[in-house]
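Colleague: Model the full assembly from the supplied sequences, consistent with the hints where possible.
Sequential numbering from 1 applies to the sequence shown in the numbering used here.
These are calculated hints, taken from the structure and not from any lab test. One or more hints might be untrue.
Cut-off 35 Å, straight-line C-alpha distance, at most; resulting in silico cross-link-like pairs (DSBU-like, lysine-lysine) [claimed, not checked]:
no., residue 1, residue 2
1, K284, K157
2, K363, K157
3, K248, K187
4, K187, K363
5, K284, K337
6, K187, K240
Derived CB-CB ranges, DEER-like [what the hints assert, rightly or not]:
no., residue 1, residue 2, range
7, E306, D209, 33 to 43 Å
8, D340, E235, 16 to 26 Å
9, V63, P321, 43 to 53 Å
10, K363, R109, 19 to 29 Å
11, N366, T255, 24 to 34 Å
12, T59, V154, 43 to 53 Å
Note that this is a predicted model, so its numbers are computed, not measured. Each residue gets a CB set at the ideal place from its N, CA and C atoms; glycine is no exception.
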Amino acid sequence: MKTLKRNSPTLRLLLGSLALAVSPLLQAGSPALTGLVAEADNAESVFSAPAGMARLQGTHMTVQSMYVTSLADFEVDEDQTTIPGGNPDKGDDPIIIPSIYYVRQFDDRWHGGVSLTVPSGFGSNYGSTWSGRYETVDFSLVYIALTPAVAYRVSDKLSLGAAMGINYTAEDSEVKIPQPGTENDGKITSDLDGVGINVTLSLLYEFTDRTRAGISWTSDSDADLEGNVRLRNLEPAFDKIATELGIKDINTEITNTLPQRLLAGVYHEFESGNYFTVDGMWMKFSDFSVSNIELNGNDVNVTVPEIYNDLYAVTAGMGFPANERLTYKVGAMYLSKAVDDEDRSFSIRLDRMWGVGAGVSYKLNNGNVVDLNANVFNVGDASVDQPSLVGQIVGENDDPWAVMMELTWHM
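Modeller: Dropping the structure here:
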């Protein structure tokens, strides 16, 4: 039985898996990722809480774009780090998250819909000479989700919904490897992709015309990822050994299991027209697993370190209609730690996160609605104290902030 190294390309999938797990937060079209479940007033319900589609009349479509940029830089503690090279390059590239949602009413009880979303996309290039090059040089993770859904209105108060998520995963990464007796580093590159399926079941109950609550459960998902892990830039002696051992180009197959999650939320509108939403998320991330690993057709037994915490998130938002067309919105959110400080590594260098946001919603003459939201998030110090192949790397985020701008068009 082997334990996965913390700089393993397989274990690096944890970061993307975590992002996919909290993807309903990233698809929320209100400030600070609020209004996830019970607001249910547009086509976005098809993705995170499909029972909400039953409230919509006729045909609805939403086109959404989010721009996210990180202001944080990882700063190496040179007093404690034993590997030369210093700080990385500016590693986190800005990302754009596009989404489209469509809902159609079939009759008084049935609705159907589909969404095409990019729940997460990450790209970082830290450079090939920094102190942590034996942990990460660059990587990219992209998830694309196609989600068909149906909703059924049981009564004036109760609606049920179901959806199937078809999730495509693609991962590319590079890390350096030391070569004894020479100053030249080799490198390990990985290129994996695959498809996983999950199921979402949801319920929405309308106590009154102004108050409703909902719940949405998403099953775990097994994605079979296939691709290659390659050794490159090797010195002649090491290149010969790698070739003879058959490890220079490794055909890799793994099963990546993403655990279940649960969303719940409430919506209430006051007589003045002002309203608030509160939503919570729980995800059993402690059950994350990587299994059924095959290298060049040979089964490899591994264990994943049991260091991951269940995740909790809470969001709260308010809306203040100024007139029939214009509504002002504010919100706040909090997401718990995926790992404790002492267990954090470069494979999943995430801390607790909190954020605030503000936005406006404007109804056009043709009935379409445009939302514009601005959000600021504190992503934590995300400190790392990690042994590497040839020494110790210690450091944390400097200016741990991220900014998200969101533009949404409801038709």
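Colleague: Hints first: check each against the structure and report whether it holds.
Modeller: Structure-based check of all given hints:
1. K284 to K157: It holds: about 30 Å lies between the C-alpha atoms, which stays within 35 Å.
2. K363 to K157: holds, 27 Å
3. K248 to K187: holds, 11 Å
4. K187 to K363: Violated, at roughly 54 Å.
5. K284 to K337: Between K284 and K337 the Cα gap is close to 12 Å, so the pair holds against 35 Å.
6. K187 to K240: holds, 15 Å
7. E306 to D209: 33 to 43 Å: Taking Cβ atoms as reference, E306 and D209 lie about 48 Å apart, which means the hint is violated.
8. D340 to E235: 16 to 26 Å: Since D340 and E235 have Cβ atoms about 39 Å apart, the given range 16 to 26 Å is violated.
9. V63 to P321: 43 to 53 Å: violated, 23 Å
10. K363 to R109: 19 to 29 Å: holds, 28 Å
11. N366 to T255: 24 to 34 Å: Roughly 48 Å apart at Cβ, these two residues miss the hinted range, so it is violated.
12. T59 to V154: 43 to 53 Å: At 22 Å between Cβs, range violated.
When the structure is compared with the earlier hints, violations turn up for hints 4, 7, 8, 9, 11 and 12 and for no others.
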